[in-house]
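> Here is what each chain is made of, one letter per residue.
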Amino acid sequence: DVKVTQSSRYLVKRTGEKVFLECVQDMDHENMFWYRQDPGLGLRLIYFSYDVKMKEKGDIPEGYSVSREKKERFSLILESASTNQTSMYLCASSLGTGPRRKLFFGSGTQLSVL
Amino acid sequence: GENVEQHPSTLSVQEGDSAVIKCTYSDSASNYFPWYKQELGKRPQLIIDIRSNVGEKKDQRIAVTLNKTAKHFSLHITETQPEDSAVYFCAASDRNYGQNFVFGPGTRLSVLP
Numbered sequence: 001d002v003k004v005t006q007s008s009r010y011l012v013k014r015t016g017e018k019v020f021l022e023c024v025q026d027m028d029h030e031n032m033f034w035y036r037q038d039p040g041l042g043l044r045l046i047y048f049s050y051d052v053k054m055k056e057k058g059d060i061p062e063g064y065s066v067s068r069e070k071k072e073r074f075s076l077i078l079e080s081a082s083t084n085q086t087s088m089y090l091c092a093s094s095l096g097t098g099p100r101r102k103l104f105f106g107s108g109t110q111l112s113v114l
Numbered sequence: 115g116e117n118v119e120q121h122p123s124t125l126s127v128q129e130g131d132s133a134v135i136k137c138t139y140s141d142s143a144s145n146y147f148p149w150y151k152q153e154l155g156k157r158p159q160l161i162i163d164i165r166s167n168v169g170e171k172k173d174q175r176i177a178v179t180l181n182k183t184a185k186h187f188s189l190h191i192t193e194t195q196p197e198d199s200a201v202y203f204c205a206a207s208d209r210n211y212g213q214n215f216v217f218g219p220g221t222r223l224s225v226l227p
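Line by line, the protein sequences give chains Z and P. 71 is the number that my numbering gives to position 71 of the first sequence; each next residue is one higher, with no gaps. Convert by adding 114 to the 1-based position in the second sequence; the result is the number in my numbering.
Excised from the complex, chain P in its bound form (with noise of 0.2 Å):
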């Protein structure tokens, strides 16, 4: 089955600077790749997601891009803010069942001011 690695499992920036987050996927089948945001003691929530016809994905300070052929794909949050300390999951959707997905183990970043 489908296997989501993600890297770095802590990330600390200075406000202000740029933030990334990798993972990368086992299936070739996994056509859809959302990321979660989990702000501490909150449930997860979906800030960006990117579907495998598409490379890139912006929205305002967040953006995601994929790499189909080495089938990897990033998390990219420029300016950032002591509101983007959080966890984030990287997902990958199951080749059986659309609806699923295999989670990462998770990224804690912390924006120090």
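For reference, chain Z alone in the conformation it holds in the complex (with noise of 0.2 Å):
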């Protein structure tokens, strides 16, 4: 079964501070995504990946960048943490287009920021 391993389940940073959330997936998977999800808005993309060093910026990349060094490993910066970035992020990855565009999930890192 595919897994996709995001580094910490809770995290608590401090206003201005600069933040890395890493995620992982062990199937060889092209796609990479992050998402933020806050309560009545669903689930928003950040910034997604289909290939080594290629990014995509989605619907809400501001204050956010990425990076993706390596095939399995996906990471979202915060530059500098601010409070209305305080949220639960979700990691995914799916294998290609097509019927293999299956996301496949991380359990969450839920950040506050104070």
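These aren't lab readings, by the way, just hints derived from the structure by calculation. Take these hints with a grain of salt, some might be off.
[As the list claims (entries may be wrong)] Computed list of lysine to aspartate or glutamate pairs in EDC-like fashion (alpha-carbon distance at most 16 Å, straight line):
1. Z:K70 to Z:D51
2. Z:K102 to P:D163
3. Z:K70 to Z:E22
4. P:K156 to Z:D38
[Said to hold, decoys possible] Output of the computed footprint for chain P on chain Z, the stretches with three or more beta carbons under 8 Å from beta carbons of chain P:
5. 42-51
6. 87-96
7. 101-110
Think of the CB as a built atom: it goes at the ideal place given N, C-alpha and C, for glycine as much as any other residue.
Assemble the dimeric complex from its two separately framed chains, guided by the hints.
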């Protein structure tokens, strides 16, 4: 079974800190995604990557950046954390397009910015 | 870009009754519509999906219908059970990146014993 692992389940940071959220998948998936989940807003796409060193902005990229140096790892970076970035962050991966675009999610990182 | 609306935001049904969740999408180029279920404290998981060349798909107690003309699709759960209690998200594929999706805001389904 596909495993998508996020490095932290809970994280507390201070305003202005640089924050790294790590995600690793073990099934050689091409696509990786970062979503944030807020009540009543569903899952909103921050960034995604369809290949190593490739990245594309999603719907809400402001205040975030990403890094994909290796196929299995996709990092989300908050350059200067702000309180409005307090949220649940979900990483996901998928094999490709067409029938292979089922998303496999990690268990999430609940980030609190104080 | 694509916009997905979902109704209702909350739904309570008696165990054994049916539940219906409805979604509308804006981009006629979307061609794939998955549904994800997220139980409390757990990660979302795909439960069923439908492609634009199909009008209906069933998997045991779950079915999804798609009306391309009206740009809406629905999730139907029959004979609901307590383990169906969860948040359900519909999604539509992005026209530019077929592997991307726009999600609806979610429906919290409670199945009452």
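> None of the hints should be skipped; say for each whether it holds.
Against the structure, the hints:
1. Z:K70 to Z:D51: holds, 9 Å
2. Z:K102 to P:D163: Holds. K102 (chain Z) to D163 (chain P) sits at ~9 Å (cutoff 16 Å).
3. Z:K70 to Z:E22: Holds, at about 12 Å.
4. P:K156 to Z:D38: Given that 16 Å is the threshold and the Cα spacing comes to 15 Å, the pair holds.
5. 42-51: holds (count 6)
6. 87-96: It holds: at least three residues are needed, and the region 87-96 of chain Z offers 3 whose Cβ sits within less than 8 Å of chain P.
7. 101-110: holds (count 7)
Going through the hint list in order, the structure satisfies each hint without exception.
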